[in-house]
Amino acid sequence: MATPLVVSEVSKSFTMHLRDGIKLPVVSDVSFSVASGECVVLGGPSGIGKSSLLKMIYGNYAVDSGQILVKHQDRIVDLATTDPRTIIEVRRRTLGYVSQFLRTVPRVAAIDVVAEPLVARGTKADVAREKAAELLAKLNLPEALWQLPPATFSGGEQQRVNIARGFITDHTILLLDEPTASLDAKNRAVVVEMIAEKKQKGVGLLGIFHDEEVREAVADRILDVQKFSPRRPIAA
Amino acid sequence: MTDTPLLKVNDVSKFYGNRIGCKNVSFELWPGEVLAIVGESGSGKTTLLNCISTRLMPTTGSVEYHMRDGQYRDLYHMSEAERRFLMRTDWGFVHQNPADGLRMTVSAGANVGERLMAIGDRHYGNIRATAVDWLSRVEIDESRIDDQPRAFSGGMRQRLQIARNLVTGPRLVFMDEPTGGLDVSVQARLLDLVRGLVNDLGLAAIIVTHDLAVARLLSHRMMVMKDGHVIEHGLTDRVLDDPREPYTQLLVSSILQV
Numbered sequence: 000m001a002t003p004l005v006v007s008e009v010s011k012s013f014t015m016h017l018r019d020g021i022k023l024p025v026v027s028d029v030s031f032s033v034a035s036g037e038c039v040v041l042g043g044p045s046g047i048g049k050s051s052l053l054k055m056i057y058g059n060y061a062v063d064s065g066q067i068l069v070k071h072q073d074r075i076v077d078l079a080t081t082d083p084r085t086i087i088e089v090r091r092r093t094l095g096y097v098s099q100f101l102r103t104v105p106r107v108a109a110i111d112v113v114a115e116p117l118v119a120r121g122t123k124a125d126v127a128r129e130k131a132a133e134l135l136a137k138l139n140l141p142e143a144l145w146q147l148p149p150a151t152f153s154g155g156e157q158q159r160v161n162i163a164r165g166f167i168t169d170h171t172i173l174l175l176d177e178p179t180a181s182l183d184a185k186n187r188a189v190v191v192e193m194i195a196e197k198k199q200k201g202v203g204l205l206g207i208f209h210d211e212e213v214r215e216a217v218a219d220r221i222l223d224v225q226k227f228s229p230r231r232p233i234a235a
Numbered sequence: 000m001t002d003t004p005l006l007k008v009n010d011v012s013k014f015y016g017n018r019i020g021c022k023n024v025s026f027e028l029w030p031g032e033v034l035a036i037v038g039e040s041g042s043g044k045t046t047l048l049n050c051i052s053t054r055l056m057p058t059t060g061s062v063e064y065h066m067r068d069g070q071y072r073d074l075y076h077m078s079e080a081e082r083r084f085l086m087r088t089d090w091g092f093v094h095q096n097p098a099d100g101l102r103m104t105v106s107a108g109a110n111v112g113e114r115l116m117a118i119g120d121r122h123y124g125n126i127r128a129t130a131v132d133w134l135s136r137v138e139i140d141e142s143r144i145d146d147q148p149r150a151f152s153g154g155m156r157q158r159l160q161i162a163r164n165l166v167t168g169p170r171l172v173f174m175d176e177p178t179g180g181l182d183v184s185v186q187a188r189l190l191d192l193v194r195g196l197v198n199d200l201g202l203a204a205i206i207v208t209h210d211l212a213v214a215r216l217l218s219h220r221m222m223v224m225k226d227g228h229v230i231e232h233g234l235t236d237r238v239l240d241d242p243r244e245p246y247t248q249l250l251v252s253s254i255l256q257v
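These protein sequences, in sequence, are chains A and B.
For the first sequence, position 193 (counting from the first letter as 1) is numbered 192 according to numbering that gives the first Met the number 0, and the numbering increases by one without interruption.
For the second sequence, position 171 (counting from the first letter as 1) is numbered 170 according to numbering that gives the first Met the number 0, and the numbering increases by one without interruption.
Next comes chain A alone, as it looks inside the complex (with noise of 0.2 Å):
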């Protein structure tokens, strides 16, 4: 598939009705698109609205107008705007989300979170809890981890976790937020390789890396998401 994800002309703000009503625009008029095997890097200053685009794209964000398609099985689907029966579907089957810190659900052991994605698609679970533990001990997290949750690992072994379940399917679109901002310089290495293996298999990938070198190393284009701010960024 060519173009597995397109956006069009998304705009969103949020309106804190806690506060008066005061509303913060966040994009306006998004259009780009991700092609197979490409990683397009979302680039532009902090709070600019780079982790809202992911979050929109993966539905966990609502957007105010504009169309977010995905190429899902045999159709195009609109995420902005199906239902939320279709977004888990969706989810669950072609887009994938790697968010910037681990929220799991508490007492469930790291290689069972990491599994997870794929038993939810239907492999069994000794199957899956395998190829977890391939990718927890390609990322080098110790095995006596394994069988722990992880709310209590710290920072870099929770991404690593995430990184794990988000790689560990066949999605065909990735959206990867900072996932390397808590990783030493030999995983962060590991993550790049991940990543050239996925775009060698056609993955679309949508990312976030503040670390310049990361980003020199994977991306294939970078997206200033700074042209779509209605916002004038805050001087330093």
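These are calculated hints, taken from the structure and not from any lab test.
Note that this is a predicted model, so its numbers are computed, not measured.
Warning: the hint list may mix true and false statements.
[Stated by the list, open to error] Partial chain B-side listing against chain A, Cβ under 10 Å, derived:
#: 1; residue: W29
#: 2; residue: H219
#: 3; residue: L234
[Stated by the list, open to error] Going by beta-carbon spacing under 7 Å, a handful of chain B positions derived as facing chain A:
#: 4; residue: D191
#: 5; residue: R220
#: 6; residue: G233
#: 7; residue: R237
#: 8; residue: D240
#: 9; residue: D241
#: 10; residue: P245
#: 11; residue: Q248
[Unchecked claim] Cβ pair distances, simulated, as ranges:
#: 12; chain 1: B; residue 1: D99; chain 2: A; residue 2: K226; range: 58 to 64 Å
#: 13; chain 1: B; residue 1: D99; chain 2: A; residue 2: A195; range: 54 to 60 Å
#: 14; chain 1: A; residue 1: P141; chain 2: B; residue 2: I118; range: 49 to 55 Å
#: 15; chain 1: A; residue 1: D19; chain 2: B; residue 2: G179; range: 31 to 37 Å
#: 16; chain 1: A; residue 1: S153; chain 2: B; residue 2: L255; range: 22 to 28 Å
#: 17; chain 1: B; residue 1: G153; chain 2: A; residue 2: A124; range: 27 to 33 Å
#: 18; chain 1: B; residue 1: N17; chain 2: A; residue 2: H209; range: 56 to 62 Å
#: 19; chain 1: A; residue 1: D125; chain 2: B; residue 2: S253; range: 41 to 47 Å
#: 20; chain 1: B; residue 1: V131; chain 2: A; residue 2: S45; range: 56 to 62 Å
#: 21; chain 1: B; residue 1: L255; chain 2: A; residue 2: E133; range: 37 to 43 Å
#: 22; chain 1: B; residue 1: L255; chain 2: A; residue 2: S45; range: 26 to 32 Å
#: 23; chain 1: A; residue 1: D28; chain 2: B; residue 2: S253; range: 31 to 37 Å
#: 24; chain 1: A; residue 1: E133; chain 2: B; residue 2: I118; range: 43 to 49 Å
#: 25; chain 1: B; residue 1: H122; chain 2: A; residue 2: R74; range: 44 to 50 Å
The C-beta atom is built at its ideal place from N, Cα and C for all residues, glycine as well.
Given chain A's structure and the hints, the job is docking chain B onto it.
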């Protein structure tokens, strides 16, 4: 993904004289979907739950259920006997107070086995074996099978209530504040159990709760109610992370952080 909703709620309203219990509520529920109805005290959520589970007759509107034979039946155009059969087999109802959903004076095993006998099972050996199996699934020790729920803690009673409801293999379970009144650790255990069972059995569920964390953990979709009206609804993580309505924003901002 099947294209037929399991339950269709059409413009249901319930008035108590001039007071609004709930007004103009419409939604569909698909197999395997968990819907949370959240709201504060007096929002109308329990009234709504009772209207759609045939415990309370709506003033206007209709509720249609997709029967196992493929037909949609209007729940309020069924005979009392048909409705009761549905409640015993295809549906479950987990009450906030487990004593309301159990027979406190018969044994735990009988509480589970009764439901099987009500649908025609007669082989006592098999019934007892099924009861033992279900008790272990809800983490109640086999040795307690002949004890009465009166001798159980609140958490154990609630888990027994869940077993009693799920033994007949229902397709739709209604839950009214299933963790209300339980200690946090007990609550956690129960939520994990419910989450696991709903996943494994592919159950559809409608859960009324005032606890947004329960909604986050268990549900795919969420409806927020205030003063009898549904003021916001959608994907659970969307409603919680990007609340649009003023009241929803208030609710979300009021959650205590640990």
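I'd like to know which numbered hints this structure contradicts. Please list them from smallest to largest.
none
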